Amino acid sequence: MKFSEMAETIGLDEQDFREMAELFVSVGAADLDKLREAYAARNSQGVVMSAHSLKGASANLGFSDICEIARRVEADARAQKLDGAGEAIGELERKLAAIAAALGHP
1 MKFSEMAETI
11 GLDEQDFREM
21 AELFVSVGAA
31 DLDKLREAYA
41 ARNSQGVVMS
51 AHSLKGASAN
61 LGFSDICEIA
71 RRVEADARAQ
81 KLDGAGEAIG
91 ELERKLAAIA
101 AALGHP
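According to the working numbering, the residues represented by the sequence shown are 1 to 106, in order.
Treat each hint with caution, since some may be false.
Simulated restraints, written as ranges between beta carbons of each label pair [unchecked claim]:
(1) Q15 / R78: 34 to 44 Å
(2) K81 / E14: 31 to 41 Å
(3) D13 / E87: 33 to 43 Å
Okay, derived cross-link-like pairs now, SDA-like style, lysine to any residue, Cα gap no bigger than 20 Å in a straight line [what the hints assert, rightly or not]:
(4) K34 / E87
(5) K34 / L23
(6) K81 / G46
(7) K2 / L23
(8) K2 / A98
(9) K2 / Q15
(10) K81 / A41
(11) K2 / L12
(12) K2 / P106
(13) K34 / E93
(14) K95 / R18
(15) K34 / A100
(16) K81 / M49
(17) K2 / A59
(18) K34 / Q45
(19) K34 / K95
(20) K95 / D33
(21) K81 / A40
(22) K95 / M1
(23) K34 / S44
(24) K95 / S4
(25) K2 / S64
(26) K95 / A59
In case anyone wonders, no lab produced these hints; they're calculated from the structure. Just so it is clear, the structure is predicted and the values come from calculations on it, not from any experiment. Glycine included, every Cβ here is placed at the ideal spot set by N, Cα and C.
Using the sequences plus the hints, can you model the full thing?
Here is the structure:
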C-alpha cells in the first residue's frame with residue numbers, strides 16, 4: 001500500500017495518515033465484529049449500521065475497495081438480503097488485515 005500517495009490525496013502527511021489508518025484498523029475491527037454478530041443473528045438493521053460505519057470511515061481515508069464492499073452489504077441489508085453478506089464479511093476481514101499488515105501489525 002502506498003500510504004504516502006493516499007495521504008497526499010486527502011491532504012495529510014504520511015505520518016498523520018498512518019495514525020488515522022491505525023485508528024481505522026482498530027475501529028474497523030470492532031465494526032467488523034459487530035457486523036459478524038449481526039449477520040449471525042440475521043439482524044438486518046445491525047448489519048446496516050455496522051456496514052454503514054465501515055463504509056464512511058473507509059471512504060474518508062480512501063480505502064475505496066472496503067468502502068465499496070461495505071456499501072454493497074449495507075444496500076443488501078436494507079433490502080433484507082443477507083445471503084451474500086458472509087462472503088463479503090470475509091472480503092472485508094482480508095482487506096482490513098492487509099491494511100494492518102502494511103502498517104506493521106502481525
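Verification of the hints:
no.: 1; hint: Q15 / R78: 34 to 44 Å; in the structure: 38 Å, holds
no.: 2; hint: K81 / E14: 31 to 41 Å; in the structure: 39 Å, holds
no.: 3; hint: D13 / E87: 33 to 43 Å; in the structure: 37 Å, holds
no.: 4; hint: K34 / E87; in the structure: 16 Å, holds
no.: 5; hint: K34 / L23; in the structure: 17 Å, holds
no.: 6; hint: K81 / G46; in the structure: 13 Å, holds
no.: 7; hint: K2 / L23; in the structure: 17 Å, holds
no.: 8; hint: K2 / A98; in the structure: 12 Å, holds
no.: 9; hint: K2 / Q15; in the structure: 12 Å, holds
no.: 10; hint: K81 / A41; in the structure: 13 Å, holds
no.: 11; hint: K2 / L12; in the structure: 13 Å, holds
no.: 12; hint: K2 / P106; in the structure: 19 Å, holds
no.: 13; hint: K34 / E93; in the structure: 12 Å, holds
no.: 14; hint: K95 / R18; in the structure: 16 Å, holds
no.: 15; hint: K34 / A100; in the structure: 19 Å, holds
no.: 16; hint: K81 / M49; in the structure: 15 Å, holds
no.: 17; hint: K2 / A59; in the structure: 16 Å, holds
no.: 18; hint: K34 / Q45; in the structure: 11 Å, holds
no.: 19; hint: K34 / K95; in the structure: 17 Å, holds
no.: 20; hint: K95 / D33; in the structure: 14 Å, holds
no.: 21; hint: K81 / A40; in the structure: 13 Å, holds
no.: 22; hint: K95 / M1; in the structure: 11 Å, holds
no.: 23; hint: K34 / S44; in the structure: 12 Å, holds
no.: 24; hint: K95 / S4; in the structure: 18 Å, holds
no.: 25; hint: K2 / S64; in the structure: 14 Å, holds
no.: 26; hint: K95 / A59; in the structure: 14 Å, holds
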